[in-house]
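A.B. asks: Residue strings, one per chain:
Protein chains: 2
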Amino acid sequence: MNVSNGPTQMNHNPGIAAAEAVDQDRLWQRHMEMAKIGAIPGNGVNRQALTKEDITARKLFFSWAKASGFSIGLDAIGNIFVRRHGRDPDAAPVVTGSHMDSQLSGGRFDGIYGVLAGLEVLEALDRAGAETERPIDVVAWTNEEGGRFAPGAMGSMVFTESRPLDECLGIADPQGVVLADALAETLAATPEAEKRPFNFPIAAYIETHIEQGPVLEAKGLPIGIVTSIQGSRWFEIEIRGESAHAGTTPLKARRDAVQGAVAAISALNTLMDDPTDTVRFTVGRIVAVPNSPNTVASRVSFTIDLRHPEGTVLTDLGDKVEATCRNAVTRCDVEVREVFNRQPCVFDPNVLATIEGSAAALNLLAMRMPSGAFHDAMFMNEICPSGMIFVPCEKGISHNPAENASPSDLAAGVRVLAMTVFKLANS
Amino acid sequence: MNVSNGPTQMNHNPGIAAAEAVDQDRLWQRHMEMAKIGAIPGNGVNRQALTKEDITARKLFFSWAKASGFSIGLDAIGNIFVRRHGRDPDAAPVVTGSHMDSQLSGGRFDGIYGVLAGLEVLEALDRAGAETERPIDVVAWTNEEGGRFAPGAMGSMVFTESRPLDECLGIADPQGVVLADALAETLAATPEAEKRPFNFPIAAYIETHIEQGPVLEAKGLPIGIVTSIQGSRWFEIEIRGESAHAGTTPLKARRDAVQGAVAAISALNTLMDDPTDTVRFTVGRIVAVPNSPNTVASRVSFTIDLRHPEGTVLTDLGDKVEATCRNAVTRCDVEVREVFNRQPCVFDPNVLATIEGSAAALNLLAMRMPSGAFHDAMFMNEICPSGMIFVPCEKGISHNPAENASPSDLAAGVRVLAMTVFKLANS
Numbered sequence: 315m316n317v318s319n320g321p322t323q324m325n326h327n328p329g330i331a332a333a334e335a336v337d338q339d340r341l342w343q344r345h346m347e348m349a350k351i352g353a354i355p356g357n358g359v360n361r362q363a364l365t366k367e368d369i370t371a372r373k374l375f376f377s378w379a380k381a382s383g384f385s386i387g388l389d390a391i392g393n394i395f396v397r398r399h400g401r402d403p404d405a406a407p408v409v410t411g412s413h414m415d416s417q418l419s420g421g422r423f424d425g426i427y428g429v430l431a432g433l434e435v436l437e438a439l440d441r442a443g444a445e446t447e448r449p450i451d452v453v454a455w456t457n458e459e460g461g462r463f464a465p466g467a468m469g470s471m472v473f474t475e476s477r478p479l480d481e482c483l484g485i486a487d488p489q490g491v492v493l494a495d496a497l498a499e500t501l502a503a504t505p506e507a508e509k510r511p512f513n514f515p516i517a518a519y520i521e522t523h524i525e526q527g528p529v530l531e532a533k534g535l536p537i538g539i540v541t542s543i544q545g546s547r548w549f550e551i552e553i554r555g556e557s558a559h560a561g562t563t564p565l566k567a568r569r570d571a572v573q574g575a576v577a578a579i580s581a582l583n584t585l586m587d588d589p590t591d592t593v594r595f596t597v598g599r600i601v602a603v604p605n606s607p608n609t610v611a612s613r614v615s616f617t618i619d620l621r622h623p624e625g626t627v628l629t630d631l632g633d634k635v636e637a638t639c640r641n642a643v644t645r646c647d648v649e650v651r652e653v654f655n656r657q658p659c660v661f662d663p664n665v666l667a668t669i670e671g672s673a674a675a676l677n678l679l680a681m682r683m684p685s686g687a688f689h690d691a692m693f694m695n696e697i698c699p700s701g702m703i704f705v706p707c708e709k710g711i712s713h714n715p716a717e718n719a720s721p722s723d724l725a726a727g728v729r730v731l732a733m734t735v736f737k738l739a740n741s
Numbered sequence: 315m316n317v318s319n320g321p322t323q324m325n326h327n328p329g330i331a332a333a334e335a336v337d338q339d340r341l342w343q344r345h346m347e348m349a350k351i352g353a354i355p356g357n358g359v360n361r362q363a364l365t366k367e368d369i370t371a372r373k374l375f376f377s378w379a380k381a382s383g384f385s386i387g388l389d390a391i392g393n394i395f396v397r398r399h400g401r402d403p404d405a406a407p408v409v410t411g412s413h414m415d416s417q418l419s420g421g422r423f424d425g426i427y428g429v430l431a432g433l434e435v436l437e438a439l440d441r442a443g444a445e446t447e448r449p450i451d452v453v454a455w456t457n458e459e460g461g462r463f464a465p466g467a468m469g470s471m472v473f474t475e476s477r478p479l480d481e482c483l484g485i486a487d488p489q490g491v492v493l494a495d496a497l498a499e500t501l502a503a504t505p506e507a508e509k510r511p512f513n514f515p516i517a518a519y520i521e522t523h524i525e526q527g528p529v530l531e532a533k534g535l536p537i538g539i540v541t542s543i544q545g546s547r548w549f550e551i552e553i554r555g556e557s558a559h560a561g562t563t564p565l566k567a568r569r570d571a572v573q574g575a576v577a578a579i580s581a582l583n584t585l586m587d588d589p590t591d592t593v594r595f596t597v598g599r600i601v602a603v604p605n606s607p608n609t610v611a612s613r614v615s616f617t618i619d620l621r622h623p624e625g626t627v628l629t630d631l632g633d634k635v636e637a638t639c640r641n642a643v644t645r646c647d648v649e650v651r652e653v654f655n656r657q658p659c660v661f662d663p664n665v666l667a668t669i670e671g672s673a674a675a676l677n678l679l680a681m682r683m684p685s686g687a688f689h690d691a692m693f694m695n696e697i698c699p700s701g702m703i704f705v706p707c708e709k710g711i712s713h714n715p716a717e718n719a720s721p722s723d724l725a726a727g728v729r730v731l732a733m734t735v736f737k738l739a740n741s
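Chains as they are written, first to last, in this note's numbering: chain A, 315 to 741; chain B, 315 to 741.
Check each hint, because a few of them may be wrong.
What the hints assert, rightly or not - Facing chain B, according to a computed beta carbon distance under 7 Å, are these residues of chain A, among others:
{"#": "1", "residue": "528"}
{"#": "2", "residue": "561"}
{"#": "3", "residue": "562"}
{"#": "4", "residue": "566"}
{"#": "5", "residue": "600"}
{"#": "6", "residue": "606"}
{"#": "7", "residue": "609"}
{"#": "8", "residue": "612"}
{"#": "9", "residue": "632"}
{"#": "10", "residue": "712"}
{"#": "11", "residue": "715"}
No wet-lab data here; the hints were simulated from the structure.
Since the structure is predicted, the reported quantities are computational estimates derived from the model, not experimental observations.
Cβ coordinates follow ideal geometry from the N, Cα and C atoms, glycine included.
Next comes chain A alone, as it looks inside the complex:
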């Protein structure tokens, strides 16, 4: 924690002055204006990547950026970069942002908050007269959600060269529209933007986002300092028994796949039991065959989504899934397939300390916490020191029209971001 940034010296610190210059009302109004683009019933938003709605949102964002005098750029996959210049034009920038696309039935804050937060920071720095050594870029990554063109986090994956652009261009949406065409249309809509390359040098990356979980709200804390993004292992379990007549076959003679699945899930619940409530264990899909009320099921398949912020715990629990299922299921055959395995992403300690120091300097209560969901920061962390700031969202609801957050919590996150970016852009 940087004691020189403590509250007693507030007036002398341009980072704090920038934080104080954050305009809560304008920030909220901009969210509400963005939410009109692709609005759906129940206060929701359907603004999928590279659609007409996405183009409209991009133009609105550009109009705000240009009105404030910032330069705008686009790379070849449509990632947006809005720049506030620093004293050293050759220094690697500090980058902050998130994404503007939404889920099919999404909310008003997921993604767009991090983008609007970044623009508000640039403007607050202007108002506070706070110069930085490095440039600051606000980024809006293309297609984070992946609801239209799978997979998500596409813009940050391509930017960081985790995945070649060429591999993405042929991907079709459910209506058969190819990404290359939708992207060309999107890029052509804002011809005034400068061209930006992929993977340019970056000093640090900070992403602000609603928590998408209930922890901060439950604890009454405005700020989450995201230490990591959980690792994930996904499994598909298949239980194979034998169909039989529900009226005639004695229970002891059955090979009942539904009962096999119930036994396996019960045993997995015991394996995953965690007093700290950190393990995320979800059986979200379950399918029975023939799925007839008066026939014993011959086959049941179910999925496991297992996540944990610590790689060793994730490895240990995931490695026990198959044996746990096999031991629990005595009368049916068991097949376990692992379909996804990604170790945790651990954010940069200096970035986290800078966020923590900024929150403390602003008298905003904060806690360190892992992120359950994926974010573009997961890919950025592979090319530069990265971190994330969470703010509370109502009841933890996200990917849902009911997604909500308070104007003051959103502004608090931007204040911490402003001070953090100011410090990093001067280091």
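Take the given structure of chain A and dock chain B to it, following the hints.
C.D. replies: Relative to chain A, chain B alone:
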């Protein structure tokens, strides 16, 4: 048990003589000929009610009956009656039979065995020169399976006036063919048959059938004396929770409908635990919403098929289903709907004693047992003293092309039937 029918007096007893006259080879060959009509891969049969295949099978059956000199009749829903006359033309007949239609993907013995068994009995009585006081009718009930026109057991329901014919005529099959049309075509194909009324007086009804369960095979017994058809209660359970992000939402904060269903089914397993293995408890259908691997399920519905031969046990267990589910599911809402409730059908003690005496007289080992499956005898038992004879089927497999039974077991069942029918038709 009727001691006068004991093995020491075999030569003097025309019932035993008729049993000995049963022709195992012809019985088997007739099954194999019938199995060619609607044959499907894997030795199976697809001969659904009132189809071209059903008409072909009816004509073949009539040709055998006529060749042996028996008269043939049809009622208005197409139930077939083949009569061997008794000494008293006005006496109520003894009726035996079953059905000729099969499941969509059925086997070679379910139903047709009881019909061919009846014809074999008439012929064996002829060969043994055994006269009876009462006429004997072999019946083939229309549409027992209900796979094409639901519900099943339609012929016996209409005959016994449990359901009016008019209610059935408008029922359409999945291709939109109306039952009235398919029935008219079927009746027109055998214009030589006499017209028979519904619900004529009947002295007794006996149905032979493969067990459709593994008990007789496991015990090595050729004959089951069916004491009852289990009662059934069917339930639909709905567990309503809340969808949530699988990565972000702590387990303790979830209202996970899959976990609710697992808890409910586990508690129901405990409720249904039965050392005698008589309770039939099946969860055959389970459906999760949204059924996505990385979303906590908001809703799971599952079915319960509960059966028991004793009405009091069925009532007691069924009445505890709702409370058991509610107590087990702490975090979700629970809705329990009962969709079917039929008390057990208990067969006539005199008919059962006659079957038992016949088996003993023929030195065929037999056990009393309940039937897990429904049969036409369930409806006949409401209008006349009824009973059923089971024979073993391989591994208990039924409603499946792999359904199988041995020629000697099939013949043993017919021998017991012949002696039983002879006795009842002389009482």
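A.B. asks: Which of the listed hints are not met by the structure?
C.D. replies: 8, 9 and 11
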